[in-house]
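**Student:** With the hints as your guide, set chains B, C and D onto chain A.
Number of protein chains: 4
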Amino acid sequence: MINRNRIGIAYSLTSFGESHGKAIGGVIDGLPAGIPIDIDDIQRQLNRRRPGQNALTTARNESDTVELLSGIFNGVSTGAPIGFIISNCDQRPEDYEEIAQAYRPSHADFTYDIKYGGHHDHRGGGRASARETACRIVAGAIAQQALATRGITITAYTSQIKDIKLDIPYTQLDLKHIDDNEVRCPNTEKAALMRQAILDAKQQGDSVGGIVTCIVQGAPVGLGEPVFGRLNASLAAAMMSINAAKGVEFGLGFEFATKNGSEVLDLFTNNDGKIRTATNHSGGIQGGISNGEDIILRVAFKPVPTLMRDIPTVRRDGTPTVLHPHGRHDACVVPRAVPVVEAMAAITLLDQYLQYCQQLGFKQ
Amino acid sequence: MINRNRIGIAYSLTSFGESHGKAIGGVIDGLPAGIPIDIDDIQRQLNRRRPGQNALTTARNESDTVELLSGIFNGVSTGAPIGFIISNCDQRPEDYEEIAQAYRPSHADFTYDIKYGGHHDHRGGGRASARETACRIVAGAIAQQALATRGITITAYTSQIKDIKLDIPYTQLDLKHIDDNEVRCPNTEKAALMRQAILDAKQQGDSVGGIVTCIVQGAPVGLGEPVFGRLNASLAAAMMSINAAKGVEFGLGFEFATKNGSEVLDLFTNNDGKIRTATNHSGGIQGGISNGEDIILRVAFKPVPTLMRDIPTVRRDGTPTVLHPHGRHDACVVPRAVPVVEAMAAITLLDQYLQYCQQLGFKQ
Amino acid sequence: MINRNRIGIAYSLTSFGESHGKAIGGVIDGLPAGIPIDIDDIQRQLNRRRPGQNALTTARNESDTVELLSGIFNGVSTGAPIGFIISNCDQRPEDYEEIAQAYRPSHADFTYDIKYGGHHDHRGGGRASARETACRIVAGAIAQQALATRGITITAYTSQIKDIKLDIPYTQLDLKHIDDNEVRCPNTEKAALMRQAILDAKQQGDSVGGIVTCIVQGAPVGLGEPVFGRLNASLAAAMMSINAAKGVEFGLGFEFATKNGSEVLDLFTNNDGKIRTATNHSGGIQGGISNGEDIILRVAFKPVPTLMRDIPTVRRDGTPTVLHPHGRHDACVVPRAVPVVEAMAAITLLDQYLQYCQQLGFKQ
Amino acid sequence: MINRNRIGIAYSLTSFGESHGKAIGGVIDGLPAGIPIDIDDIQRQLNRRRPGQNALTTARNESDTVELLSGIFNGVSTGAPIGFIISNCDQRPEDYEEIAQAYRPSHADFTYDIKYGGHHDHRGGGRASARETACRIVAGAIAQQALATRGITITAYTSQIKDIKLDIPYTQLDLKHIDDNEVRCPNTEKAALMRQAILDAKQQGDSVGGIVTCIVQGAPVGLGEPVFGRLNASLAAAMMSINAAKGVEFGLGFEFATKNGSEVLDLFTNNDGKIRTATNHSGGIQGGISNGEDIILRVAFKPVPTLMRDIPTVRRDGTPTVLHPHGRHDACVVPRAVPVVEAMAAITLLDQYLQYCQQLGFKQ
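Chains A, B, C and D supply the protein sequences, listed in that same order. The numbering of the first sequence is the working numbering, which starts it at 1 and goes up by one. The numbering of the second sequence is the working numbering, which starts it at 1 and goes up by one. The numbering of the third sequence is the working numbering, which starts it at 1 and goes up by one. The numbering of the fourth sequence is the working numbering, which starts it at 1 and goes up by one.
Hints should not be assumed to be uniformly reliable.
Any copy will do: because identical chains look the same in the list, a pair fits if it lies in one copy or spans two.
Keeping only pairs whose Cα atoms sit at most 20 Å apart, straight-line, the calculated EDC-like set for lysine to aspartate or glutamate is [what the hints assert, rightly or not]:
id	residue 1	residue 2
1	Lys274	Glu189
2	Lys202	Glu263
3	Lys274	Asp317
4	Lys22	Glu62
5	Lys22	Glu67
6	Lys259	Asp200
7	Lys259	Asp206
8	Lys363	Asp113
9	Lys176	Asp294
10	Lys259	Asp163
11	Lys259	Asp310
12	Lys165	Glu182
13	Lys22	Asp38
14	Lys202	Asp163
15	Lys165	Glu255
16	Lys363	Glu263
17	Lys274	Asp113
18	Lys176	Asp40
19	Lys22	Asp40
20	Lys259	Asp167
21	Lys363	Asp38
22	Lys274	Asp167
23	Lys165	Asp310
24	Lys274	Asp294
25	Lys165	Glu189
What the hints contain is simulated information worked out from the structure, not anything from laboratory work.
One chain only, chain A, in its complex shape (with noise of 0.2 Å):
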């Protein structure tokens, strides 16, 4: 369920907040009392999203560090709404006069202004910035703590950065060395070459594109709600919710329009007692319920729009200008995407499993 600023039913986050307001943060509510909260693992998982973190990002120096208010004590949850803030230090609203004036193509300046009759907050983007998906990262890095008590785990990577496409499947990759490099790939060679695209785009005041791969791993069978509320309808609404995402897909997603049935069936079998399928194209969801395989999704993004480079266009009064370069910016979202799209899925996933605990919990 997605309203406004709110995402889940059973487990949800209502989050606030500008880039350049005091502070941005959120409400978790729906999480069950009694898992223990690892505030480190938060703090790293926000660390992961951070600016300034390395060459490839924004040289915005922001901590991120999150301070939790309620909803934990003694270390575990109590079944109360978590509030909690992180404050934005790194205030530069000078940086941002220009744009009260004129609006940044391919940006959010003009359609919100338009919507909210001029009264936006336009510095760095307002609520507009993806400064906001940190408080993602506080609500998912919970929920990764609280499903991976019941065996639940979400990896993601960066698998493709313009042209550099890692195609080898997750099955033949070591997810653990994702934070290896800079650009969250799990493969070295690969990797070098997604940073140095990069870096070039960067030198020439540009910007590149990219997909971010996920996987959920030991999800139960029986997750996502018949008919709208079917578990990929909910990861797509929580993915293209994420700033610059703009497409997503599950298992062999837009390949399987060019597939005839035959090629792409998941045949069942009997795996020791078990039912699986032999291949997995589907991505691990049938019928919108997850299918006991890995759920298998990817987010695409679009290269950000803020380039180091003079830019032509028009002010408010539609009267044209030139923008010129200024601020810091990445020259590529992806690499800070990945912690987000991780968070985005745990939200999701704890939500659909707390609804999954009703049916079990009424059979008790």
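**Tutor:** Relative to the frame of chain A, chains B, C and D by itself:
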């Protein structure tokens, strides 16, 4: 917002029904009062989806006649919920005795069986059957009529079947000719090739996948709600809730991943006093909010998994068995999915439009 | 959760239909799979509410036969939504020509007319008619069956008609005798007095109000969700959504206002190893959460505003007019409201029970 | 709509925080853009609720200073969510060591302990503490400011303490004088008697209950959504979610039960071309929808269960014990509940008003 068998907040559809039960139907809630409802037009949309309409579709013979039970008085919407049913006429439960015992690969038999502890109605897929999408057509057709009063139109067409791609941009197509052929592709030559590809697959007892493109025209600037209720997130959930849908993308979609930012910026122009974009790579959505340009999305469908061939599988108890071909099925779901994509877009757009009206109405 | 024509999150009813349209009905979503459904029992509850059952009720003759269209297979719930309709048989739209022109005092004619711009179905109150509560009975009866499998029972009875109060606590009443009389009061003497009060009012072309008391037994400790989703908040919303309901209270309710704290503390006791309270002034709810004692609530109903007398009023255009008595109406809604109160309590309890099962199921 | 720690659909508050944690706070979502926000006025409402303000209230010393973190720019709402926190300053967790071991009667200690498996934060009631209502004041004060721009005002006052009733109708009271006394009763004589009743109880280490009356003026015809989302159902849920609230009624409320229909019809009149009712027994709501008259409701509060006396109870393990008086508590919650009732009414009214704006906006 999606929750189990309901979609939408301000305008919502709650649907029910199984493929071979007495009837399918639903409740439409939130339609404003005072909108003239053309029942013949709803039926026309239903006829575009119904089985047995031509050589490309399953031989199951269903008239798909909708009966509207409430919410309309003297031909005009009253603001009260619209209840409706569509009777199932051509029920042949005996065709499905086999699948009571064996799981059809890449169908929902297995996941439903485990999720619901063996209590689901397996006949013809039961609740998982695409027959349920007829209910979406009813809610979608009514939404299309309401949106039309605000100048918003929605058009979908088949843009790919297997490797046959309609590469011509929609702006150079005559979208009035979509229904001139059975494939619902607005280009005669491509349509003929696509039709043949489907018939070839059918002759071989096989099936094929494809892509539906959908264009929304006339939407104002401002539809969509940050940050989770983004227009693209809502549309993605709606599309991925359609049976057999495996991917969705907006504007350039996955192609964005291969691009530099400098190639795909949608620069602003002053078009006779109106701010527009010179290109529309973004597909009409910026920051999750409509920007007044055409909204463009594409949905990938997998080949239907029911083949007219012997298929090895397992029974509930894990023992191997072979499914023999019978029953009545489409060799390609895409032409019939075209009106379903339109319906899901219409439901989502009207839902977002009504939320957008809150701000409009408040200012009065 | 209430939203327009829907109630409930985990277990929900979305209803539709007008008093003199083709049919009323609804969709029940969220019932767990595997619960045997006794259709005769649903019909029995409907019969307790239906018009024309005895001298106290309106002469409108409706069989109120429910047709279940989905979600039940081989007599057992499947987890899929249950669609149902109840046809309107005894439609006499011509009885209502007068109210097309004039607003009946203390009815919804005026508010609906203004809210919906004159487009509502005025016949017999249309959507505002209490006929709609039949749909709640269906969802409630099914919820009662599901709750009964967990040992939870719900019983309502008439405890006041005009100034005739049943002052005996429910613990000293035999609640099996509620249906022994037409008033549904489990005390023969009071029932006779109440019956006479209703008949007296009827003879004078007048009507009377009253109170329904409802007892929930067998609920575990822990139902209800802080802080807004409190059990009493949910129950209050459910009760106040019933036609003609004007007040609701829990335990001592309004009497609490007149008390000292020292008079009304529910002291804890150790009852053979089980912690119980010695008294139950609170009505089974502490901090918004069930405490394992019986849940006690009372709902006040106003006298029905349709009188068999000439009533001065205004027409739509503001000119004065007089409504002349005709049509078919109850002189007191309370006896027929008894099963409706049970139904609303059952829907709410099952909804909360399923949310409570999330935590139960998660621990498994 | 209520769901766990959230209330509202179009305008919603999601709150968090425990009595003795770091801070309480919340997220307000759905406020239209362009509304000037007076922060001093929010603080004034908070001050009416805060502890330690006078002789009648608990000595706990909290400044209840709200910090608004987002959603407001240059003093005007932006349409983005408003995050806020209120720090807990006067934390004395050591006061609550005793209740870690023993259940306070008629408090939520027991129900929370069982529901959350012993993991709740027991200090000062934790999440169950009325301290949480400060967050509602913030969302309510902002809603009141928004409603005021549409001519809608909300006023609550103390109308009963123990057996001292203010029987004068609000139309004959000067509602500007509510805050002239500590009890918040707009009649000097009654206020003095009420004050004495509270001080008497306090001196005896006891507590007293009472009633708050709330009046909404200026609401248009048409607020409220059939059939479950009725205005009175939404308001009832909002009111019954307040700590210690045990009953709610509209217009004549429970008195309706004792009346004949002929005594309580609200006859229509033509008031200089505007259709009004001559009386307002219904309390401004007909068929669940506002009819343009003043909305009148009353909320009953139980005496606070914390007494300054020795109280026998049981420990977690069921062994008997005695609670000794200490800590800091109100002898009567009613005067401080007055602004909370206003806040809950304002949140509900704005939520319904925005839904009503959908139809208004659609017609434009």
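**Student:** Work down the list of hints and note, for each, if the structure agrees.
**Tutor:** Going down the list of hints, with the structure as the test:
{"no.": "1", "hint": "Lys274 / Glu189", "in the structure": "neither (38 Å within a copy, 49 Å between copies)"}
{"no.": "2", "hint": "Lys202 / Glu263", "in the structure": "between (42 Å within a copy, 14 Å between copies)"}
{"no.": "3", "hint": "Lys274 / Asp317", "in the structure": "between (66 Å within a copy, 9 Å between copies)"}
{"no.": "4", "hint": "Lys22 / Glu62", "in the structure": "within (13 Å within a copy, 23 Å between copies)"}
{"no.": "5", "hint": "Lys22 / Glu67", "in the structure": "both (14 Å within a copy, 10 Å between copies)"}
{"no.": "6", "hint": "Lys259 / Asp200", "in the structure": "between (36 Å within a copy, 13 Å between copies)"}
{"no.": "7", "hint": "Lys259 / Asp206", "in the structure": "between (36 Å within a copy, 10 Å between copies)"}
{"no.": "8", "hint": "Lys363 / Asp113", "in the structure": "between (52 Å within a copy, 16 Å between copies)"}
{"no.": "9", "hint": "Lys176 / Asp294", "in the structure": "within (17 Å within a copy, 43 Å between copies)"}
{"no.": "10", "hint": "Lys259 / Asp163", "in the structure": "between (23 Å within a copy, 8 Å between copies)"}
{"no.": "11", "hint": "Lys259 / Asp310", "in the structure": "between (44 Å within a copy, 19 Å between copies)"}
{"no.": "12", "hint": "Lys165 / Glu182", "in the structure": "within (16 Å within a copy, 37 Å between copies)"}
{"no.": "13", "hint": "Lys22 / Asp38", "in the structure": "between (26 Å within a copy, 18 Å between copies)"}
{"no.": "14", "hint": "Lys202 / Asp163", "in the structure": "within (16 Å within a copy, 36 Å between copies)"}
{"no.": "15", "hint": "Lys165 / Glu255", "in the structure": "both (15 Å within a copy, 13 Å between copies)"}
{"no.": "16", "hint": "Lys363 / Glu263", "in the structure": "neither (40 Å within a copy, 41 Å between copies)"}
{"no.": "17", "hint": "Lys274 / Asp113", "in the structure": "between (56 Å within a copy, 14 Å between copies)"}
{"no.": "18", "hint": "Lys176 / Asp40", "in the structure": "within (19 Å within a copy, 53 Å between copies)"}
{"no.": "19", "hint": "Lys22 / Asp40", "in the structure": "between (23 Å within a copy, 19 Å between copies)"}
{"no.": "20", "hint": "Lys259 / Asp167", "in the structure": "both (19 Å within a copy, 18 Å between copies)"}
{"no.": "21", "hint": "Lys363 / Asp38", "in the structure": "between (32 Å within a copy, 19 Å between copies)"}
{"no.": "22", "hint": "Lys274 / Asp167", "in the structure": "neither (30 Å within a copy, 45 Å between copies)"}
{"no.": "23", "hint": "Lys165 / Asp310", "in the structure": "neither (30 Å within a copy, 37 Å between copies)"}
{"no.": "24", "hint": "Lys274 / Asp294", "in the structure": "within (15 Å within a copy, 45 Å between copies)"}
{"no.": "25", "hint": "Lys165 / Glu189", "in the structure": "within (11 Å within a copy, 34 Å between copies)"}
Hint compliance for this structure: hints 1, 16, 22, 23 are not met, and every other hint is.
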